[in-house]
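Mind the numbering: the sequence shown is residues 179 to 351 in my numbering, read in order.
Since the hints were made in silico from the structure, they are not lab data.
The structure presented is a predicted model; accordingly, all values stated were derived computationally and were not measured.
Do not take every clue at face value.
[To be verified] Pairwise CB distance ranges (calculated): (1) Q237 to I328: 25 to 33 Å; (2) N332 to K220: 28 to 36 Å; (3) D323 to F298: 27 to 35 Å; (4) K346 to Y219: 22 to 30 Å; (5) E287 to N231: 14 to 22 Å; (6) K240 to K196: 20 to 28 Å; (7) H257 to S217: 39 to 47 Å; (8) K196 to E263: 22 to 30 Å; (9) S284 to I260: 21 to 29 Å; (10) S216 to D299: 17 to 25 Å.
[Said to hold, decoys possible] Calculated lysine-lysine pairs in the DSSO-like style (CA-CA distance at most 27 Å, straight line): (11) K325 to K227; (12) K192 to K240; (13) K325 to K215; (14) K196 to K235; (15) K325 to K192; (16) K344 to K192; (17) K315 to K325; (18) K342 to K309; (19) K227 to K215; (20) K192 to K180; (21) K309 to K227; (22) K235 to K315; (23) K344 to K180; (24) K192 to K220; (25) K196 to K215; (26) K220 to K196; (27) K325 to K196; (28) K346 to K192; (29) K192 to K215; (30) K227 to K344; (31) K220 to K235; (32) K180 to K342.
From the three backbone atoms N, C-alpha and C, an ideal C-beta is built for every residue, glycine too.
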Amino acid sequence: MKRNIKSEVARDIKNSLKIKIGSTKILSLDATFAIIKSSSYKTFYDLVKSESNWDHKWQISKLFPTMGLSKQYYHRCIHNGITYEIGYDIWSNIHYGYIGKVVGFSETELLMGAGIAQFFDNYSLTGDDPKDSEAIKIGFEIYNDCKENIQSFNADILIQYVMKHKNKLNIEE
């Protein structure tokens, strides 16, 4: 997260979303703004979609193939003496929520975007999986709590956020 928020593409998305239209509605400006915003949506989507740069499942899987677990895309975490199996998707969804807020998307845009992407991935009429949405909301929470001091954010703090919400996430004991 620390590296991606400083990336050129994150800065470009953020800058394009800062464009504000005045209170006077001028059709051509509204259309221009819509084009710029849709371009930002597309750029962000291309970064976070399955198997792209900001989707971490495949990257983690390459580093830690199965970690001895029977399930693909899970890893073990011991927290307070209890062993948990955590789905890799949690990390990508947290990152999606966090970086999406950093660049300037609203929480509603991000949750709706995830639901729309889920529909196109597998034609789900119910939108995004509630566990995925919960992980995205953790990203929002981290952004709100840590935006002024993200450089001191670390894996231990991340695990604390995840464990606080473990009953609503893709985590098994």
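Hint check:
1. Q237 to I328: 25 to 33 Å: violated, 20 Å
2. N332 to K220: 28 to 36 Å: Roughly 32 Å apart at Cβ, these two residues keep to the hinted range, so it holds.
3. D323 to F298: 27 to 35 Å: holds, 32 Å
4. K346 to Y219: 22 to 30 Å: Roughly 27 Å apart at Cβ, these two residues keep to the hinted range, so it holds.
5. E287 to N231: 14 to 22 Å: Holds, at about 20 Å.
6. K240 to K196: 20 to 28 Å: At roughly 36 Å between Cβ atoms, K196 and K240 fall outside 20 to 28 Å, so the hint is violated.
7. H257 to S217: 39 to 47 Å: holds, 41 Å
8. K196 to E263: 22 to 30 Å: Roughly 41 Å apart at Cβ, these two residues miss the hinted range, so it is violated.
9. S284 to I260: 21 to 29 Å: violated, 36 Å
10. S216 to D299: 17 to 25 Å: holds, 20 Å
11. K325 to K227: holds, 24 Å
12. K192 to K240: violated, 30 Å
13. K325 to K215: holds, 23 Å
14. K196 to K235: violated, 31 Å
15. K325 to K192: holds, 15 Å
16. K344 to K192: It is violated: about 31 Å lies between the C-alpha atoms, which goes past 27 Å.
17. K315 to K325: holds, 15 Å
18. K342 to K309: holds, 14 Å
19. K227 to K215: Holds, at about 18 Å.
20. K192 to K180: holds, 15 Å
21. K309 to K227: Roughly 17 Å separates the two Cα atoms, so the pair holds.
22. K235 to K315: holds, 18 Å
23. K344 to K180: holds, 23 Å
24. K192 to K220: With a Cα-Cα distance of about 13 Å, the restraint between K192 and K220 holds, given a limit of 27 Å.
25. K196 to K215: This hinted pair holds, its Cα atoms lying about 10 Å apart.
26. K220 to K196: Holds - the C-alpha atoms of K196 and K220 are around 16 Å apart, at most 27 Å.
27. K325 to K196: Satisfied, since the Cα-Cα distance of roughly 18 Å is no more than 27 Å.
28. K346 to K192: Violated - the C-alpha atoms of K192 and K346 are around 30 Å apart, more than 27 Å.
29. K192 to K215: holds, 10 Å
30. K227 to K344: holds, 24 Å
31. K220 to K235: Roughly 21 Å separates the two Cα atoms, so the pair holds.
32. K180 to K342: holds, 22 Å
Checked against the numbered hints above, the structure violates hints 1, 6, 8, 9, 12, 14, 16 and 28; every other hint is satisfied.
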